[in-house]
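On the provided structure of chain A, position chain B as indicated by the hints.
Protein sequences, first through last, are from chains A and B.
Per the working numbering, residue 1 is the first one in the first sequence, and the count goes up by one each step.
Per the working numbering, residue 1 is the first one in the second sequence, and the count goes up by one each step.
Just so you know, the hints here were simulated from the structure itself, not pulled from any lab data.
Just so it is clear, the structure is predicted and the values come from calculations on it, not from any experiment.
Glycine included, every Cβ here is placed at the ideal spot set by N, Cα and C.
A few of these clues could be false.
Stated by the list, open to error - Derived coverage of chain A by chain B (criterion: at least 3 residues anywhere in the stretch with Cβ under 8 angstroms from a Cβ of chain B; other residues may be distant):
| no. | region |
| --- | --- |
| 1 | 165-179 |
| 2 | 186-194 |
| 3 | 208-214 |
| 4 | 233-245 |
| 5 | 262-274 |
Unchecked claim - Dumping the calculated BS3-like pairs for lysine-lysine here, alpha-carbon to alpha-carbon at most 27 angstroms:
| no. | chain 1 | residue 1 | chain 2 | residue 2 |
| --- | --- | --- | --- | --- |
| 6 | B | Lys-122 | A | Lys-275 |
| 7 | B | Lys-138 | A | Lys-124 |
| 8 | A | Lys-122 | B | Lys-138 |
| 9 | A | Lys-122 | B | Lys-122 |
| 10 | A | Lys-138 | B | Lys-124 |
| 11 | B | Lys-275 | A | Lys-122 |
| 12 | B | Lys-275 | A | Lys-124 |
| 13 | A | Lys-124 | A | Lys-138 |
| 14 | A | Lys-157 | A | Lys-138 |
| 15 | A | Lys-122 | B | Lys-124 |
| 16 | A | Lys-275 | B | Lys-124 |
| 17 | B | Lys-122 | A | Lys-138 |
| 18 | B | Lys-40 | A | Lys-124 |
2 protein chains.
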Amino acid sequence: MEQRITVIGLGLMGGSLARALRPHLAYLAGVDRDKETLEKALAAGVIDAGTCHLPHNLTPHDFLIFATPVRTILQLLAELPTHCPDGCWVMDLGSTKQTICAAMEQLPASFAAIGGHPICGKEKAGFSASDADLFWQKSFVLTPTSRTTTALWQMAKQIVQWIGGKLVEMPAQLHDQLLAATSHLPYLVSATLMQTVAELAQTEPQTWQMSGSGLRDTTRLAGSDPTMILDILLTNHQAILPHLAAYQQILGQLVTLLTQNDSQALAEWLLQAQKGRLSYEQTLFSPPKQIGRGDS
Amino acid sequence: MEQRITVIGLGLMGGSLARALRPHLAYLAGVDRDKETLEKALAAGVIDAGTCHLPHNLTPHDFLIFATPVRTILQLLAELPTHCPDGCWVMDLGSTKQTICAAMEQLPASFAAIGGHPICGKEKAGFSASDADLFWQKSFVLTPTSRTTTALWQMAKQIVQWIGGKLVEMPAQLHDQLLAATSHLPYLVSATLMQTVAELAQTEPQTWQMSGSGLRDTTRLAGSDPTMILDILLTNHQAILPHLAAYQQILGQLVTLLTQNDSQALAEWLLQAQKGRLSYEQTLFSPPKQIGRGDS
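In isolation and in its complexed conformation, chain A is listed as follows (with noise of 0.2 angstroms):
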């Protein structure tokens, strides 16, 4: 028999998932506290059943797949072995994946768990903003763990390819680290950058009709989920704040040039910024490597 698939939390990436899902599945359920999120993913044929908590009846046939703030996965990792005495399979698409996975090896070993990230979002959240073709070509991270099985690594790598994303198999620790740079910074310097323009928009009306596209894209991570982006930053401050250090530390630099207004200087801070962005869009233009368990 084949694994029934539940997608818990039907905002941004559970929505997008379970509409990525759905035309390689007969049957894919989901569950969501919201009601008309539940409605809505219904009438749209979207899933074929929804409930507002974790179903009482699971059995070892059922494929949990998280799509929640982190916060609340752990909360139902912890929940889990009382729904479901027998076990059964988990895969979740959280933001960090150190605490996730922590709390999968916890679970009894009747179950199957396997941690999950599909790199990629929007700033606007819920089932609203979901979009089939979110993961298309993404990387998706896989952070097996001591409860990974052979079927549960292979089901997870299946679900990648049925949603067009880019595997990519990697420790939760070094995900977290990287993550925080490369995701959890730019969301924290874009917000900082976004209250203090705010602040001086209240005292000079002006200053939003002086905004061009730059301003636009540099504060536009600002506008992302508080609840999602809190859990990450509760569960990965140890990761991030070395990243803000570092941050800081280069803004310090540049503070000093510009006290002092040392052209030469200056002109070379620029072009090292130059040189990272033209060498980070090389690669932006090249899709990242399949990298996987030697079999992929």
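Same frame as chain A, but now just chain B:
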């Protein structure tokens, strides 16, 4: 006899202006130190004549529009009286306005001069990135000087209208203060982030693979032309430094909250940023009002 327009500097801004003005003018000249750029602009029919240096036979019928980096504009303005002893009309598209308008005020009384700055751009420089639609529905600041005649003001307004810009009249000092926050600070924030992540990428080769649209958009400005940015920093550092200090303070608060893992205060900090973005977004999708000399 009509004014004969010459655009000086056929990069992104000047090239775009020439393209946008082209349908409205019987004759349009261009100046660029790069011969290949001149040949491209001539071949594309964007200009009727091109030279590598300011023409020597300038007359009061010439209308020069400077579209080079700020310090080059300052240098050319200083040389102008020897090129054109009888005066002419002058406008510019420079990113900072105080030093340029001050230099315009120093021109002999036979010159008519006005500062200009279209609030738009791309992180790509050069004629090949130029686009006739660059100014469409974007704010275009005009900063009148004591050298601004009524005839020049009318012509400058006409140009803004032809290229589809939204006219905003503003004193040079306020322009520079607001742009320091809405344009120069975002660039510096973006460039600092780019340097921080690029440094990590040198030791962690999977860094770029772990990046999504968030890092891409937040570091877009870091790819800007260093020459243009250097001139902005050197001519506007006094307006930029207070905004940088405000930014550093908000970032410092964040580091404290994150170090303390203060869940409630972090949640409020995140909400504040999202609130700022939402109020900014409301203005993004309603075009700025026309603000002129009571006649527009």
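Verification of the supplied hints:
no. : hint                      : result
1   : 165-179                   : holds (count 7)
2   : 186-194                   : holds (count 9)
3   : 208-214                   : holds (count 7)
4   : 233-245                   : holds (count 8)
5   : 262-274                   : holds (count 9)
6   : Lys-122(B) <-> Lys-275(A) : holds, 17 angstroms
7   : Lys-138(B) <-> Lys-124(A) : holds, 25 angstroms
8   : Lys-122(A) <-> Lys-138(B) : holds, 25 angstroms
9   : Lys-122(A) <-> Lys-122(B) : holds, 22 angstroms
10  : Lys-138(A) <-> Lys-124(B) : holds, 25 angstroms
11  : Lys-275(B) <-> Lys-122(A) : holds, 17 angstroms
12  : Lys-275(B) <-> Lys-124(A) : holds, 13 angstroms
13  : Lys-124(A) <-> Lys-138(A) : holds, 18 angstroms
14  : Lys-157(A) <-> Lys-138(A) : holds, 14 angstroms
15  : Lys-122(A) <-> Lys-124(B) : holds, 24 angstroms
16  : Lys-275(A) <-> Lys-124(B) : holds, 13 angstroms
17  : Lys-122(B) <-> Lys-138(A) : holds, 25 angstroms
18  : Lys-40(B) <-> Lys-124(A)  : violated, 42 angstroms
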